[in-house]
Amino acid sequence: MGRLDEASFAAFHARTSPGLRAYVYRVVGHESDADDIVQEAFLRIIRTDVRAESDEHLRRYLYRVASNLIVDRWRRRRHEVGEERILHEPATPRPRYEDDAAVAKIFAELKARDRALLWLAYVEGESHEEIATSLGVGRRGVKVMLFRARRRLRQLLQARGLLVNS
Amino acid sequence: MTEWFDLDPDEERAVAAFMSRVADLRTPSPESRLLASSELWCKAQLLRRWEAERLARRPLDIMHRIEIAGGLVAAGLLLYWSVPYLL
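Here the protein sequences line up with chains A and B, keeping their order. Its first residue numbered 1, the first sequence is counted upward by one per residue in the working numbering. Its first residue numbered 167, the second sequence is counted upward by one per residue in the working numbering.
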């Protein structure tokens, strides 16, 4: 793939922007913050002049940058309002349909880090190693955190009698 | 696909099904304040140029500070040596 030029960036942006925005929005829960993070992630991709081996490699790098920006946001807000409130900070999604509202509400009840872990694992299909890189934690730590996130989600689903079966 | 820490098929199925619902949730359409890719590209080039200019100017800025500090020290020494003659 090599170095990005304006045309290849435009194509890359068109391909990855909706997915990245959905990820950041579901984790952060605030539309304007999510937009800021998405824009900053793309700006950093251009400014660092990254030499990507492939489109997929660049996409993973983009998610890593965005995840780092999300973590920076957690840290900044932790200084402002305290860790406990940030970890349990509810997302504020605005679902369009009533059925979606229940799904969005349950997901928003998870901790922000759990939302990021579950999204990267299930929606993006990332491996433990890739999630570890994206979130800046150890591979072993990801396994444990992901297990706990799944268990918490399972408990939330059970508590509402909404255990979704495939 | 991810290999799970402590695999429980039921849990796996329930969580995966729920997450597919989450993935399908609609994200609010981007506001107009979101920059287009061409605008992002221009902004990044501009930021990159500013950063290059800032780096290029840094030695000059440092020298400027050294000049000011040197001037103040020289003025202080001159004053110190000239005080006996002024009194």
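Take the hints with a grain of salt, since some may be wrong.
Said to hold, decoys possible - Output of the computed footprint for chain B on chain A, the stretches with three or more beta carbons under 8 angstroms from beta carbons of chain B:
| hint | segment |
| --- | --- |
| 1 | 3-13 |
| 2 | 20-30 |
| 3 | 59-67 |
| 4 | 100-106 |
| 5 | 117-126 |
| 6 | 152-159 |
Said to hold, decoys possible - Among chain B residues calculated to face chain A with C-beta under 7 angstroms, some are:
| hint | residue |
| --- | --- |
| 7 | Val188 |
| 8 | Ala189 |
| 9 | Pro194 |
| 10 | Leu200 |
| 11 | Ser203 |
| 12 | Trp207 |
| 13 | Leu212 |
| 14 | Arg214 |
| 15 | Ala218 |
Worth flagging that the hints you see were computed from the coordinates, not collected in a lab. The beta-carbon is built from N, C-alpha and C at its ideal position, and this holds for glycine as well.
Problem set entry | Hints violated by the structure (listed by number, smallest first) | Going through the list in order, the structure violates hints 3, 13, 15 and respects the others.
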